[in-house]
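Each chain, written out:
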Amino acid sequence: MSDLRVNTISASDGTSPVTLTKQEGVKSRLVYAQATTTSYGSFNISSVTDVATGSFTGNRTNAMSDTTYATQFTPTMGYNVATAGGDYSYGQRGHVGGLTASPWLGTYSTSATSYVSNHDNGSFYDYEWSATTYGDLAT
Amino acid sequence: MSEIKVDTLTGKTSAGDITVTSEGGAATQSLQQGLLKVWRLDETLVTTSLFSVDSINTSSTTDVSTGRMYISFSNAFAATNYPAVGNVSGGSVDDSIMTHAGSCQTGRDELTNYDTNYKDQPLSYSAFGGLA
Numbered sequence: 010m011s012d013l014r015v016n017t018i019s020a021s022d023g024t025s026p027v028t029l030t031k032q033e034g035v036k037s038r039l040v041y042a043q044a045t046t047t048s049y050g051s052f053n054i055s056s057v058t059d060v061a062t063g064s065f066t067g068n069r070t071n072a073m074s075d076t077t078y079a080t081q082f083t084p085t086m087g088y089n090v091a092t093a094g095g096d097y098s099y100g101q102r103g104h105v106g107g108l109t110a111s112p113w114l115g116t117y118s119t120s121a122t123s124y125v126s127n128h129d130n131g132s133f134y135d136y137e138w139s140a141t142t143y144g145d146l147a148t
Numbered sequence: 011m012s013e014i015k016v017d018t019l020t021g022k023t024s025a026g027d028i029t030v031t032s033e034g035g036a037a038t039q040s041l042q043q044g045l046l047k048v049w050r051l052d053e054t055l056v057t058t059s060l061f062s063v064d065s066i067n068t069s070s071t072t073d074v075s076t077g078r079m080y081i082s083f084s085n086a087f088a089a090t091n092y093p094a095v096g097n098v099s100g101g102s103v104d105d106s107i108m109t110h111a112g113s114c115q116t117g118r119d120e121l122t123n124y125d126t127n128y129k130d131q132p133l134s135y136s137a138f139g140g141l142a
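So the protein sequences, as listed, match chains S and X.
As numbered in our numbering, residues 10 to 148 make up the first sequence, in order.
As numbered in our numbering, residues 11 to 142 make up the second sequence, in order.
Hint data in this document are derived by calculation from the structure and do not stem from the laboratory.
Hints should not be assumed to be uniformly reliable.
[As the list claims (entries may be wrong)] Chain X residues, not near chain S, derived (Cβ > 12 angstroms throughout):
(1) Thr29
(2) Thr31
(3) Ser40
(4) Ser62
(5) Val63
(6) Asp64
(7) Thr72
(8) Val74
(9) Tyr80
(10) Thr122
(11) Pro132
(12) Ser136
[Unchecked claim] Stretch-level coverage of chain S by chain X, calculated; a stretch enters the list once three of its residues show a Cβ under 8 angstroms from a Cβ in chain X:
(13) 12-19
(14) 26-37
(15) 40-50
(16) 57-69
(17) 132-146
Quantities reported herein were computed from a predicted structural model and do not represent experimental measurements.
Virtual Cβ for every residue (Gly too), placed ideally from N, Cα, C.
Hey, can you work out the whole structure from these sequences and the hints?
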């Protein structure tokens, strides 16, 4: 078995990224509790903005190269469906910057992504979320 | 093009920390922190197989009750604040997966699927963060 011990890996020109053959990593990730505006585990997230009830924005330390990146988010603990009386997080929307109706007043840019969710009763709630982003980082 | 073929990469200063350059070259980030640590295409909650179940870093699954299951990890996370995302693979558009539901642990996550009531569905799951 061979073991290469290094602190930094770059391409042969010394600056370009190395190729992870047919693979890539997540470029930002976050666990965020809207109700208490608390960020838990995160990576490449500089801050989180609580936009409105049911909507928050994750701001990245290192920006994406363009706005074609993919994002995914899922409710993560803290919300008691047994007392909510119906579905929860009926709508889950990332990339909400193009929408203007409240509370969709978030940001969709290379450096930030907003998320919004609503209950199927039409109301918006502060959930707790896991959010991830995939794509290329900026030049 | 240069290529190094090895079986294991280890950080020199800190064994679990290797820095890589971003695609655009403007930033550097931790290789380990960006790697997907768990993924699973799962049919634990259903009796009819629709596809081939596959996974990385999962040791077992448990059908807890209707619409509720555990996924146990081969290698545990360092803390319970790891991000975990999922969605049903098939089923109703109203189905909604919750991760870290109830008894989340470093070595096991609890998932629920809900659409008016708890429902059994195939699902896809992935988790990120620092391993123990």
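Q: Quick one: work out the minimum CB distance from threonine 122(X) to chain S and report holds if it exceeds 12 angstroms, violated otherwise.
A: Check fails; 8 angstroms does not lie beyond 12 angstroms.
(Q) If I take the minimum Cβ distance from serine 62(X) to any residue of chain S, is it greater than 12 angstroms? (A) Answer for serine 62(X): holds, closest chain S Cβ roughly 19 angstroms.
Q) Are three or more residues of the region 26-37 of chain S within 8 angstroms, CB to CB, of chain X? A) With 5 residues in contact (Cβ-Cβ under 8 angstroms with chain X), the coverage given for the region 26-37 of chain S holds.
**Q.** Closest CB of chain S to the CB of serine 40(X) still more than 12 angstroms away
**A.** violated (8 angstroms)
Q | serine 136(X) and chain S, when compared Cβ to Cβ, separated by more than 12 angstroms | A | violated (8 angstroms)
Q. Beyond 12 angstroms from chain S, beta-carbon-wise, is proline 132(X)?
A. holds (16 angstroms)
**Q.** Stated coverage of the region 40-50 of chain S by chain X [criterion: 3+ residues, CB within 8 angstroms]
**A.** Per the Cβ count (3), the hint holds.
Q.
Verify this for me: three or more residues of the region 57-69 of chain S with a beta carbon less than 8 angstroms from a beta carbon of chain X.
A. Not satisfied, violated; 0 residues make the cut.
Q. Far enough from chain S: is every CB of that chain over 12 angstroms from the CB of tyrosine 80(X)?
A. holds (14 angstroms)
Q: Count residues of the region 132-146 of chain S with a Cβ under 8 angstroms from any Cβ of chain X, then say if the count reaches three.
A: Answer holds; 6 residues pass the 8 angstroms Cβ test.
Q. Is it correct that the beta-carbon of valine 63(X) has no partner in chain S closer than or equal to 12 angstroms?
A. holds (20 angstroms)
**Q.** Verdict on threonine 72(X) as a residue remote from chain S, using beta-carbon distances over 12 angstroms
**A.** With a cut-off of 12 angstroms, threonine 72(X) remains clear of chain S, as the shortest Cβ separation is near 18 angstroms.
Going through the hint list in order, the structure does not satisfy hints 1, 2, 3, 10, 12 and 16.
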